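Assembly of the complex is requested from the two constituent chains, each provided in isolation within its own frame, with the hints serving as guidance.
So the sequences go chain by chain: A and B. Sequential numbering of the first sequence, starting at 1, is according to the working numbering. Sequential numbering of the second sequence, starting at 1, is according to the working numbering.
Think of the hints as simulated: they come from the structure by calculation, not from any bench. Treat the numbers as computed from the prediction; the structure is a model and nothing was measured. Be aware that a few hints might be false.
One-sided excerpt, in silico: chain A residues whose CB lies under 8 angstroms from chain B [to be verified]:
{"#": "1", "residue": "Leu43"}
{"#": "2", "residue": "Glu53"}
{"#": "3", "residue": "Arg110"}
Calculated pairs, DSS-like style, for lysine-lysine (alpha carbon to alpha carbon, straight line, at most 25 angstroms) [to be verified]:
{"#": "4", "chain 1": "A", "residue 1": "Lys36", "chain 2": "A", "residue 2": "Lys18"}
{"#": "5", "chain 1": "A", "residue 1": "Lys22", "chain 2": "B", "residue 2": "Lys73"}
{"#": "6", "chain 1": "B", "residue 1": "Lys100", "chain 2": "B", "residue 2": "Lys3"}
{"#": "7", "chain 1": "A", "residue 1": "Lys41", "chain 2": "A", "residue 2": "Lys22"}
{"#": "8", "chain 1": "A", "residue 1": "Lys41", "chain 2": "B", "residue 2": "Lys100"}
{"#": "9", "chain 1": "A", "residue 1": "Lys40", "chain 2": "B", "residue 2": "Lys3"}
{"#": "10", "chain 1": "B", "residue 1": "Lys3", "chain 2": "A", "residue 2": "Lys41"}
{"#": "11", "chain 1": "B", "residue 1": "Lys70", "chain 2": "B", "residue 2": "Lys3"}
{"#": "12", "chain 1": "A", "residue 1": "Lys19", "chain 2": "A", "residue 2": "Lys36"}
{"#": "13", "chain 1": "B", "residue 1": "Lys112", "chain 2": "B", "residue 2": "Lys16"}
{"#": "14", "chain 1": "A", "residue 1": "Lys36", "chain 2": "A", "residue 2": "Lys22"}
{"#": "15", "chain 1": "A", "residue 1": "Lys36", "chain 2": "B", "residue 2": "Lys3"}
{"#": "16", "chain 1": "B", "residue 1": "Lys100", "chain 2": "A", "residue 2": "Lys36"}
{"#": "17", "chain 1": "B", "residue 1": "Lys100", "chain 2": "A", "residue 2": "Lys40"}
{"#": "18", "chain 1": "B", "residue 1": "Lys100", "chain 2": "B", "residue 2": "Lys70"}
{"#": "19", "chain 1": "B", "residue 1": "Lys16", "chain 2": "A", "residue 2": "Lys40"}
{"#": "20", "chain 1": "A", "residue 1": "Lys41", "chain 2": "B", "residue 2": "Lys73"}
{"#": "21", "chain 1": "B", "residue 1": "Lys73", "chain 2": "B", "residue 2": "Lys3"}
{"#": "22", "chain 1": "B", "residue 1": "Lys73", "chain 2": "B", "residue 2": "Lys100"}
Reference listing, derived: stretches of chain A covered by chain B, where coverage requires no fewer than 3 residues with Cβ under 8 angstroms from a Cβ of chain B [claimed, not checked]:
{"#": "23", "region": "87 to 93"}
{"#": "24", "region": "101 to 108"}
For each residue, glycine too, the CB sits at the ideal point set by N, CA and C.
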Amino acid sequence: ETGVTQTPRHLVMGMTNKKSLKCEQHLGHNAMYWYKQSAKKPLELMFVYSLEERVENNSVPSRFSPECPNSSHLFLHLHTLQPEDSALYLCASSHADRAGGELFFGEGSRLTVL
Amino acid sequence: AQKITQTQPGMFVQEKEAVTLDCTYDTSDPSYGLFWYKQPSSGEMIFLIYQGSYDQQNATEGRYSLNFQKARKSANLVISASQLGDSAMYFCAMKHEGGKLIFGQGTELSVKP
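Isolated chain B (complex conformation) (with noise of 0.2 angstroms):
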């Protein structure tokens, strides 16, 4: 069975400082995407950083770094320098080919100015 677990509902950090959201996944499939998707208050999910099965190397987009480790069947989210607009929900997704995306609980990060 395919599944997606977030671990930490909610994370403090302090502005400036890096904060590590966990996400671990289950699939049989050898082929699948990761993501991570921030959805402020206002509701719109948005769309952070993707990271394929194949990827040889971590994915980084600005100042977000997915840690993938394939073994462990894990896809952490680091944010480095944060900010006070990163207050938000935070979900970790996989999508196989067919376009199926399941989503984990998500992460409440707070940013303490």
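Next up, chain A with everything else stripped away, as it sits in the complex (with noise of 0.2 angstroms):
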């Protein structure tokens, strides 16, 4: 069982909805992250939180808004959205100051946008 949940597993949306992915974790840690993964692409950073700040924001379309209101929960908001946004995002969380702490991943939400 994984320490990190994320929900809804699997989403489907119109480009004119407004819809929220959020992740929630038990394992004590104090940085949190969100990935998409898309097909036969790597796993591409989006955005990092350590110690409730936004520290990372690769360059994501302002469609996409994350908010980390504590050190347990993540969300990321979703409006506006265009089919090549469909993908896998993975939420997950470590312990932020350290090289050799392994990141926890959840399950995923896939995204379908029509």
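Quick look at the structure:
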């Protein structure tokens, strides 16, 4: 059983919809991440939150809006998405200040944009 | 620039045989960690093994071992006695202090009965 839980597991939305992905971790970690995994591509880091502050934003379009209300929860708010945004979105958590702290991943939210 | 390269898009191995998945990396930072993750078709990323840049010995975890050659900047994963359940995507990754983990392109391993 993973310590990182993502909901929903599957989401289908139109380009005009607004939806949110949720991530929750119970591992006592202080860093959380959003990754995007498209078919045939390596995982792309989208956002990093460390101690509830956003420390990384890899040129992600503004139609993706992260929110980290506390060290255990992370959201990804979605609005006016494009079909090319269809992908598996993976949340992860870790200890922020260690090179050796592995990331623990959730099972992902598979998003389809129609 | 930091970079991870996996040159094998797909690999086949016979059940019970050993297989090596290649990974090379590039970094100018002396302190870093190297990771291997397994991603079955269900999607979750499962942590397999970790090697620190200052570790003197190669990491081992059950049937997984990491062949760490620092001078060559390679961190190959060796899976011994392959099982059908080992069929999955395998990702090599690197992390520096500060928590940014970058991934290679992945290798799809298929274990044949």
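Each hint tested on the structure:
The interface hint given for leucine 43/A holds, since its Cβ lies 4 angstroms from the closest Cβ of chain B, which is under the 8 angstroms cut-off. With a cut of 8 angstroms, the hint placing glutamate 53/A at the interface with chain B is violated, because the nearest CB-to-CB distance is about 12 angstroms. The criterion of a C-beta within 8 angstroms of any C-beta in chain B is met by arginine 110/A, whose closest approach is roughly 7 angstroms, and the hint holds. As the CA atoms of lysine 36/A and lysine 18/A are separated by approximately 18 angstroms, the hinted pair is consistent with the 25 angstroms bound.
The hinted pair formed by lysine 22/A and lysine 73/B fails the criterion: a straight-line CA distance of about 37 angstroms is larger than 25 angstroms. A hinted pair counts as satisfied when its Cα atoms are at most 25 angstroms apart, and lysine 100/B with lysine 3/B qualifies at roughly 12 angstroms. Taking the CA atoms of lysine 41/A and lysine 22/A, the gap is about 23 angstroms. The hint holds against a cut of 25 angstroms. Pair hint lysine 41/A plus lysine 100/B holds up; C-alpha atoms about 18 angstroms apart against a cutoff of 25 angstroms.
As the CA atoms of lysine 40/A and lysine 3/B are separated by approximately 18 angstroms, the hinted pair is consistent with the 25 angstroms bound. At most 25 angstroms may separate the alpha-carbon atoms for a hinted pair to count; lysine 3/B and lysine 41/A meet this at roughly 14 angstroms. Only pairs whose Cα atoms come within 25 angstroms are accepted, and lysine 70/B paired with lysine 3/B is accepted, the gap being roughly 15 angstroms. Between lysine 19/A and lysine 36/A, the direct Cα distance comes to roughly 16 angstroms. Compliance with the 25 angstroms bound is thereby established for this hinted pair.
Our distance criterion of 25 angstroms between C-alpha atoms is met by lysine 112/B and lysine 16/B, whose separation comes to about 9 angstroms. Proximity of lysine 36/A to lysine 22/A is assessed by CA-CA distance (about 14 angstroms); at most 25 angstroms being required, the pair is judged to hold. Taken as a hint, the lysine 36/A and lysine 3/B pair is honoured in the structure, with Cα atoms around 17 angstroms apart against an allowance of 25 angstroms. Between lysine 100/B and lysine 36/A, the direct Cα distance comes to roughly 14 angstroms. Compliance with the 25 angstroms bound is thereby established for this hinted pair.
Distance restraint check for lysine 100/B and lysine 40/A: the Cα-Cα separation of roughly 22 angstroms lies within the 25 angstroms cut-off, and the hinted pair is therefore satisfied. Of the supplied pair hints, the one linking lysine 100/B and lysine 70/B holds, its CA atoms being roughly 20 angstroms apart against a limit of 25 angstroms. As the CA atoms of lysine 16/B and lysine 40/A are separated by approximately 28 angstroms, the hinted pair breaks the 25 angstroms bound. Proximity of lysine 41/A to lysine 73/B is assessed by CA-CA distance (about 23 angstroms); at most 25 angstroms being required, the pair is judged to hold.
For the suggested pair lysine 73/B and lysine 3/B, the alpha carbons sit about 11 angstroms apart, so the restraint of at most 25 angstroms is met. Distance hint between lysine 73/B and lysine 100/B is fulfilled; the C-alpha atoms sit about 19 angstroms from each other, no more than 25 angstroms. Only residues whose C-beta sits within less than 8 angstroms of a C-beta in chain B count toward coverage, and the region 87 to 93 of chain A has 3 of them, enough to reach three; the restraint holds. Under a criterion of three residues with beta carbons nearer than 8 angstroms to beta carbons of chain B, the stated coverage of the region 101 to 108 of chain A is upheld, 8 such residues being counted.
Hints 2, 5 and 19 from the list above are not met by this structure, while the remaining hints are.
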